[in-house]
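Colleague: With the hints as constraints, model all of the structure from the sequences given.
Following the working numbering, the numbering of the sequence shown begins with 131 at its first residue and continues without gaps.
Keep in mind that the hints were calculated from the coordinates and are not lab data.
Just so you know, these numbers come straight off a predicted model, no measurement behind them.
All C-beta atoms in this analysis are idealised placements derived from N, C-alpha and C, irrespective of residue type, glycine included.
Among these hints, one or two may not hold up.
Unchecked claim - Derived CB-CB ranges, DEER-like: (1) 268 - 231: 33 to 39 Å; (2) 291 - 231: 30 to 36 Å; (3) 230 - 174: 22 to 28 Å; (4) 368 - 224: 21 to 27 Å; (5) 219 - 142: 16 to 22 Å.
What the hints assert, rightly or not - In silico DSS-like cross-links for lysine-lysine, where the CA-CA straight-line distance does not exceed 30 Å: (6) 147 - 311; (7) 311 - 353; (8) 147 - 353; (9) 353 - 285; (10) 311 - 285; (11) 271 - 147.
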Amino acid sequence: MADPFQDVDARGADFIKAVADALETRAAEPIMQDIVDGYLDEAGFQPGGVHLEVGAGTGAIARRIARHANSGRVIASDLSPGLIDYARAHPDNPDNLEFEVATGATLAHGDASIDTVVMHTVLSHVPDPRILLDEAARVLKPGGVLVICDADFSKTSIGNTLGDPLDACAVYFADNFVTDKHLVGRLRELTAGAGFQIETFRVVSRLISEGLSAMNWVAMGGKMMVERGLIGQQMLDAMIAEYHRRLEVNALYGFLPFAVLIARRASA
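Modeller: Have a look at this one:
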């Protein structure tokens with residue numbers, strides 16, 4: 131079965147809402163806000179420039195980009211009309227943010243027309259990242275900046291012990307809701323192969339010890355396991371209850387590393 135995030139709308143309104151809620155919940159985490167603000171500060175947005183987020187989802191990251199954009203125009207682009215509907219309806223959208231439905235493989239922008247391209251947890255969900263990287267290189271101006279932030283889903287964990295059933299859901303999520311959970315290991319090679327000059331590459335830890343962000347792994351992964359007859363609904367209900375129990379007793383421990391890569395298109 132293909133990664134459901136490749137075509138969110140195909141799974142219907144309930145899945146679109148679940149994804150929208152998950153994206154907003156993750157973006158609201160203080161640790162994720164620190165990660166995002168860190169790479170946006172480093173990106174150095176050109177005043178009055180044009181900045182594009184590919185795979186913007188509900189616009190949670192694009193809203194932060196707009197605040198860093200130094201009066202620039204920010205375009206939030208996503209393949210999913212359903213997620214873009216959520217993005218457009220958000221009450222906190224700034225005036226310099228606009229939305230479009232488009233695939234990152236064929237962007238509706240001219241050659242050398244964009245100052246900054248941001249891809250936040252996008253490339254791990256596409257079959258061939260090189261296509262999106264080549265397209266980013268096409269639309270970026272000479273010297274334009276590419277910012278990539280993606281998770282090393284091969285390290286996804288929410289386990290407190292060997293054989294932890296919650297961790298089984300997290301692993302199942304990474305195996306079935308991610309196209310390439312080992313993307314981070316190839317990220318520098320892929321980016322350089324598209325003609326970019328890499329300026330920054332680092333990995334930062336996302337620790338989940340509170341909140342409901344890791345519940346997405348349990349709920350989405352567990353729901354698919356129920357649909358496939360691997361576990362019963364009672365088991366999933368018990369794991370959801372266990373998640374809440376760990377929250378209450380300060381025993382929740384989720385972990386997922388994030389890579390940040392900042393690169394520049396070669397000047398003409």
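Colleague: If a hint holds in the structure, say so; if it does not, say that too.
Modeller: Against the structure, the hints:
Separation of residue 268 from residue 231 is about 19 Å and departs from the stated range, judged on CB atoms against 33 to 39 Å. Between residue 291 and residue 231, the C-beta spacing of about 44 Å breaks the proposed range 30 to 36 Å. For residue 230 and residue 174, the hinted distance range of 22 to 28 Å is satisfied, since their beta carbons lie about 24 Å from each other. For residue 368 and residue 224, the Cβ-Cβ distance of about 43 Å falls outside the hinted range of 21 to 27 Å, so the restraint is violated.
A hinted range of 16 to 22 Å for the beta carbons of residue 219 and residue 142 is consistent with their spacing of about 19 Å. Restraint check: the Cα-Cα separation between residue 147 and residue 311 comes to about 23 Å, which is no more than 30 Å; the hinted pair holds. Proposed proximity of residue 311 and residue 353 is supported: the alpha carbons are some 20 Å apart, at most 30 Å. Simply put, residue 147 and residue 353 have alpha-carbon atoms about 15 Å apart, close enough for the 30 Å limit, and the pair holds.
For the suggested pair residue 353 and residue 285, the alpha carbons sit about 21 Å apart, so the restraint of at most 30 Å is met. Of the pairs offered as hints, the one joining residue 311 and residue 285 holds, with about 8 Å between alpha carbons and a cut-off of 30 Å not exceeded. Restraint check for residue 271 and residue 147: not satisfied, since their Cα atoms lie roughly 35 Å apart, outside the 30 Å limit.
Figure legend: structure checked against the earlier numbered hints; hints not met, in rising order: 1, 2, 4, 11.
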